[in-house]
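4 protein chains.
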Amino acid sequence: MNLPDVQSEPDHRGIAIDEVGISGIRYPISVYDVEHGKQETVATVSLSVALPAERKGSHLSRFVEFLETHGGEFSPETIASALGALRDRLDSPIARIEVQFPYFLRRYAPVSNASGLVDYDCAIRAALSPRRFELRIRARVPVTSVCPCSKAISDYGAHNQRGYLTIDAKPQTAATNRPEIWFDDLIEVGEGAGSSPIYPLLKREDERHVTMSGYDQPVFVEDMVRNVANRLRSDERVEAFSVEAVNDESIHNHGAFARLSWPPDLNGGHPW
Amino acid sequence: MNLPDVQSEPDHRGIAIDEVGISGIRYPISVYDVEHGKQETVATVSLSVALPAERKGSHLSRFVEFLETHGGEFSPETIASALGALRDRLDSPIARIEVQFPYFLRRYAPVSNASGLVDYDCAIRAALSPRRFELRIRARVPVTSVCPCSKAISDYGAHNQRGYLTIDAKPQTAATNRPEIWFDDLIEVGEGAGSSPIYPLLKREDERHVTMSGYDQPVFVEDMVRNVANRLRSDERVEAFSVEAVNDESIHNHGAFARLSWPPDLNGGHPW
Amino acid sequence: MNLPDVQSEPDHRGIAIDEVGISGIRYPISVYDVEHGKQETVATVSLSVALPAERKGSHLSRFVEFLETHGGEFSPETIASALGALRDRLDSPIARIEVQFPYFLRRYAPVSNASGLVDYDCAIRAALSPRRFELRIRARVPVTSVCPCSKAISDYGAHNQRGYLTIDAKPQTAATNRPEIWFDDLIEVGEGAGSSPIYPLLKREDERHVTMSGYDQPVFVEDMVRNVANRLRSDERVEAFSVEAVNDESIHNHGAFARLSWPPDLNGGHPW
Amino acid sequence: MNLPDVQSEPDHRGIAIDEVGISGIRYPISVYDVEHGKQETVATVSLSVALPAERKGSHLSRFVEFLETHGGEFSPETIASALGALRDRLDSPIARIEVQFPYFLRRYAPVSNASGLVDYDCAIRAALSPRRFELRIRARVPVTSVCPCSKAISDYGAHNQRGYLTIDAKPQTAATNRPEIWFDDLIEVGEGAGSSPIYPLLKREDERHVTMSGYDQPVFVEDMVRNVANRLRSDERVEAFSVEAVNDESIHNHGAFARLSWPPDLNGGHPW
Numbered sequence: 001m002n003l004p005d006v007q008s009e010p011d012h013r014g015i016a017i018d019e020v021g022i023s024g025i026r027y028p029i030s031v032y033d034v035e036h037g038k039q040e041t042v043a044t045v046s047l048s049v050a051l052p053a054e055r056k057g058s059h060l061s062r063f064v065e066f067l068e069t070h071g072g073e074f075s076p077e078t079i080a081s082a083l084g085a086l087r088d089r090l091d092s093p094i095a096r097i098e099v100q101f102p103y104f105l106r107r108y109a110p111v112s113n114a115s116g117l118v119d120y121d122c123a124i125r126a127a128l129s130p131r132r133f134e135l136r137i138r139a140r141v142p143v144t145s146v147c148p149c150s151k152a153i154s155d156y157g158a159h160n161q162r163g164y165l166t167i168d169a170k171p172q173t174a175a176t177n178r179p180e181i182w183f184d185d186l187i188e189v190g191e192g193a194g195s196s197p198i199y200p201l202l203k204r205e206d207e208r209h210v211t212m213s214g215y216d217q218p219v220f221v222e223d224m225v226r227n228v229a230n231r232l233r234s235d236e237r238v239e240a241f242s243v244e245a246v247n248d249e250s251i252h253n254h255g256a257f258a259r260l261s262w263p264p265d266l267n268g269g270h271p272w
Numbered sequence: 001m002n003l004p005d006v007q008s009e010p011d012h013r014g015i016a017i018d019e020v021g022i023s024g025i026r027y028p029i030s031v032y033d034v035e036h037g038k039q040e041t042v043a044t045v046s047l048s049v050a051l052p053a054e055r056k057g058s059h060l061s062r063f064v065e066f067l068e069t070h071g072g073e074f075s076p077e078t079i080a081s082a083l084g085a086l087r088d089r090l091d092s093p094i095a096r097i098e099v100q101f102p103y104f105l106r107r108y109a110p111v112s113n114a115s116g117l118v119d120y121d122c123a124i125r126a127a128l129s130p131r132r133f134e135l136r137i138r139a140r141v142p143v144t145s146v147c148p149c150s151k152a153i154s155d156y157g158a159h160n161q162r163g164y165l166t167i168d169a170k171p172q173t174a175a176t177n178r179p180e181i182w183f184d185d186l187i188e189v190g191e192g193a194g195s196s197p198i199y200p201l202l203k204r205e206d207e208r209h210v211t212m213s214g215y216d217q218p219v220f221v222e223d224m225v226r227n228v229a230n231r232l233r234s235d236e237r238v239e240a241f242s243v244e245a246v247n248d249e250s251i252h253n254h255g256a257f258a259r260l261s262w263p264p265d266l267n268g269g270h271p272w
Numbered sequence: 001m002n003l004p005d006v007q008s009e010p011d012h013r014g015i016a017i018d019e020v021g022i023s024g025i026r027y028p029i030s031v032y033d034v035e036h037g038k039q040e041t042v043a044t045v046s047l048s049v050a051l052p053a054e055r056k057g058s059h060l061s062r063f064v065e066f067l068e069t070h071g072g073e074f075s076p077e078t079i080a081s082a083l084g085a086l087r088d089r090l091d092s093p094i095a096r097i098e099v100q101f102p103y104f105l106r107r108y109a110p111v112s113n114a115s116g117l118v119d120y121d122c123a124i125r126a127a128l129s130p131r132r133f134e135l136r137i138r139a140r141v142p143v144t145s146v147c148p149c150s151k152a153i154s155d156y157g158a159h160n161q162r163g164y165l166t167i168d169a170k171p172q173t174a175a176t177n178r179p180e181i182w183f184d185d186l187i188e189v190g191e192g193a194g195s196s197p198i199y200p201l202l203k204r205e206d207e208r209h210v211t212m213s214g215y216d217q218p219v220f221v222e223d224m225v226r227n228v229a230n231r232l233r234s235d236e237r238v239e240a241f242s243v244e245a246v247n248d249e250s251i252h253n254h255g256a257f258a259r260l261s262w263p264p265d266l267n268g269g270h271p272w
Numbered sequence: 001m002n003l004p005d006v007q008s009e010p011d012h013r014g015i016a017i018d019e020v021g022i023s024g025i026r027y028p029i030s031v032y033d034v035e036h037g038k039q040e041t042v043a044t045v046s047l048s049v050a051l052p053a054e055r056k057g058s059h060l061s062r063f064v065e066f067l068e069t070h071g072g073e074f075s076p077e078t079i080a081s082a083l084g085a086l087r088d089r090l091d092s093p094i095a096r097i098e099v100q101f102p103y104f105l106r107r108y109a110p111v112s113n114a115s116g117l118v119d120y121d122c123a124i125r126a127a128l129s130p131r132r133f134e135l136r137i138r139a140r141v142p143v144t145s146v147c148p149c150s151k152a153i154s155d156y157g158a159h160n161q162r163g164y165l166t167i168d169a170k171p172q173t174a175a176t177n178r179p180e181i182w183f184d185d186l187i188e189v190g191e192g193a194g195s196s197p198i199y200p201l202l203k204r205e206d207e208r209h210v211t212m213s214g215y216d217q218p219v220f221v222e223d224m225v226r227n228v229a230n231r232l233r234s235d236e237r238v239e240a241f242s243v244e245a246v247n248d249e250s251i252h253n254h255g256a257f258a259r260l261s262w263p264p265d266l267n268g269g270h271p272w
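Heads up: the protein sequence lines correspond to chains C, H, P and L, in order. Here this note's numbering is used: the first residue of the first sequence is 1, the next is one more, and so on. Here this note's numbering is used: the first residue of the second sequence is 1, the next is one more, and so on. Here this note's numbering is used: the first residue of the third sequence is 1, the next is one more, and so on. Here this note's numbering is used: the first residue of the fourth sequence is 1, the next is one more, and so on.
By construction, these hints were calculated from the structure, which means they are not laboratory data. Be a bit skeptical, because a hint or two may be false.
Only some residues are given here: those of chain P computed to face chain H with a beta carbon under 7 Å [what the hints assert, rightly or not]: (1) 19; (2) 20; (3) 22; (4) 60; (5) 232; (6) 263.
Where a beta carbon is used, it is the ideal one built from N, C-alpha and C, also for glycine.
Just chain C, same shape as in the assembly:
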């Protein structure tokens, strides 16, 4: 049976499309993991290619075929080559991929050493064009934050809450198309930027330690993004980054946030 190939017909509007693809596809993947080599998780994936002005459409089933063939393995070594394969499969000069997933690390309580897993929302976003390979890795890191103002103005106590540091890094990939920095590094930087890391499992002696050490190091959202920036701006594995801190304020029904990009945008730093 000879079925027409509508997507391959010409288009006459003269408008190239930056991205055509599939989104919101959930898939079991494995991700490189510094401690174990790899870990199994579940991702939400978007895949796209650029579409030239003269082509009517893209063959979307090939994106799913790509995902099946590629097998869902993501590591520093495989990202650029996967994009090359996607570009070839879809016959396009530019391919892009975005993979979001929970990434799990074992965390140990500060006194008892009792341990459990913490989940971090992470993402890989990458693009490959004839001219360059672009990569971003992102981690969202939960922390405890204790309010410096509340502590300073009160005779006892201080409001605190869960906060989140989202670090989006553009790794140095110059020579090899391979990042030297990974999620574990970003998470460690984020966990050091609040009043205290959060933990999955705390016994009473741990809870005492976490309560007092958090109270000893109060931070505003402003401090949290500066703490991250202070670490990453001198890290040669990172070419650029942005960081956002959000506190789910325990005394309000809204969040407090701070955000910065590095290197600073001379035009005022706004994303649009």
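Let chain C serve as the given structure and place chains H, P and L on it in line with the hints.
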């Protein structure tokens, strides 16, 4: 033009359907408000009717017509009569409605009296059958909770966080199909059950007050649901209720929760 | 260091709590899988126990310890025994668990046989009391639905859309505390209840087949829940079930839905 | 009582912060509406200012005071002046605001003229610096899309689904800091770019019309973004725009999407 009416055809599987309707429809509504008489907000609405075994389908466009005609005004007086109109319009013995919306109340800081609005997720769920009128009103109330254990075991400080109390009440409506209790009442009960209410706007003197008064009244999630139950079990305007407390734990990446129903379910209280 | 155990103190309000526990904890788990024995996925977990009136609080860290020890393996054989262990660990007569996760099945295109994975939102909910073991398994199944009315009244075409069938089954577990029915069965029932199953990967010949076979079998949401009920009411492995169908209507900005429980609730079938 | 002002203390890390503020605050607002002058809705608001390197923190309570004072009225005339007031209140050179809300328009069925409201997710994002005023307005428009491939390869029928066109426009505001284009215009462009607009209320004669006219105008996601681009690239009220189309594919469990920016980005058009 004479178009076939497929929905009115007979069905032969012998299976009655509890609910057929529309869901996820956003609509501007007005809700009765104790202070101002009414307030404007935006709701997500579900409307349904029971469908007898012998009828193939329901005419869904009539639900939207009902919403247009009814005008989106919700007060203690109008809920039962709206259900009656929906039942008539759809020619069904049983009609149900579920309306979820943010409800806004002005809240005043405890020292400076500075004020702003707090948003509470509220819901009305109601059903009308030939035998009875069923009503539930629900409010989700943000509070601050300070951990009693953390306070007791630490030399200074105590972890705290935003918590939510969700109170779902079945009001007494015996004589009149009209509840004597409303969202403002449930919210006031919820705000009294934590370590401190949350506030939209706090000046420094207020933040000092809130920090210290919260520290003076630490509560577990267990205490929060018991505090609500203690108030509502003796309130004659409430026939039954359930309450859930969830703390977005500031030292963990998961929540702590407690839940109870009143009167207690002798079989163990589980919803399924 | 001798730290006070606040949770073990007595409470004098005389209010027992149905559930105290932790919620929203993400964890890598493995689930029994008919084809491969098991599959790796990521779950969101809630664990709880009943708390007697005279006890102030529950020791929440023990829930995380339980999860670590238990190892996150879920199969028909292990659910009841896991609940027994949780009950012992928390020293409570009643324990409950709720586990939600994407479950993946390979699906084959109807003509080309090209295959990929489909993700189904599934859940296990279970409770163990001294008197009984309660279990529910739930699967949310995407389908294509073609509107019978639109087809009947139009000279050509028919609006269609993605719909979801959510089947919540109470398996027969009488003798063994072990269900004889699993997610694969519920999913297969759901996929047969729409106009067509959805597929991850369709080549042109498949898309032609799916388009025409869907058009040949139009269904309302009412038909979809009746199709499921018709299959399950005679399935001896199921003691009771509820089913909901929701269509993300392609011609509206709201959903159409139908819902029923089996055996029928003589009081009108409303959950509250 | 003389309470310390921690936020006003100096910071020595030498890191300026692009944005500090509050986020996730829900508030009743009124928005300019071409037909009625204004409409009441509920927004989620973020407000922020830039923080110089030498200042430790921002006074977040002033953002809520600003919202209270400003009163939540948004129209083409008021956006720039509101930002000026926010800048003054927070003593910062740069202020930003982001307001997301459902915007309601009455829509009339094509044959019967029966009408109801459609909800569109809309947003205003604006920034004011000493050098310039930046404004974006965004509307998310639901449409019906019928697949051209499915229609061409099948003897009858064609898969279709709900799709969403998200148009993000940078209006010309050169002389007056006032946009000449508003949400109603973007929505009208979006509704013309699919196979058919969606409607809140359709009688049988309308459903026949919508089914057949949609079948007569099949579109890919690629066509939808090109249709929008074709209209807006010649619209002098728009300086730049981006458009994204997403189809909730009725035959798959993932979405198809296309995205473009105008003027085209010579570096390959990727946002990062």
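Quiz item: Holds or violated: residue 22 of chain P as interface residue toward chain H, Cβ cutoff 7 Å?
Solution: Result: holds, 5 Å to nearest chain H Cβ.
Self-check item: When the least beta-carbon distance from residue 19 of chain P to chain H is tested against 7 Å, hint result
Solution: Since the shortest Cβ distance to chain H is 4 Å, the answer is holds.
Exercise. Please verify that hint: residue 232 of chain P, Cβ, nearest Cβ of chain H, below 7 Å or not.
Key: It is violated, given that the least Cβ distance between residue 232 of chain P and chain H is near 11 Å, above 7 Å.
Self-check item: Status of the residue 263 of chain P interface restraint (C-beta, 7 Å, chain H)
Solution: Interface hint status for residue 263 of chain P: violated (12 Å vs cutoff 7 Å).
Practice problem: Would you check whether residue 60 of chain P satisfies its interface hint, that is, whether its CB is within less than 7 Å of any CB in chain H? | Solution: holds, 6 Å
Self-check item: Agreement of hint residue 20 of chain P with chain H interface, Cβ distance less than 7 Å
Solution: holds, 5 Å
The structure shown violates the earlier hints numbered 5, 6.
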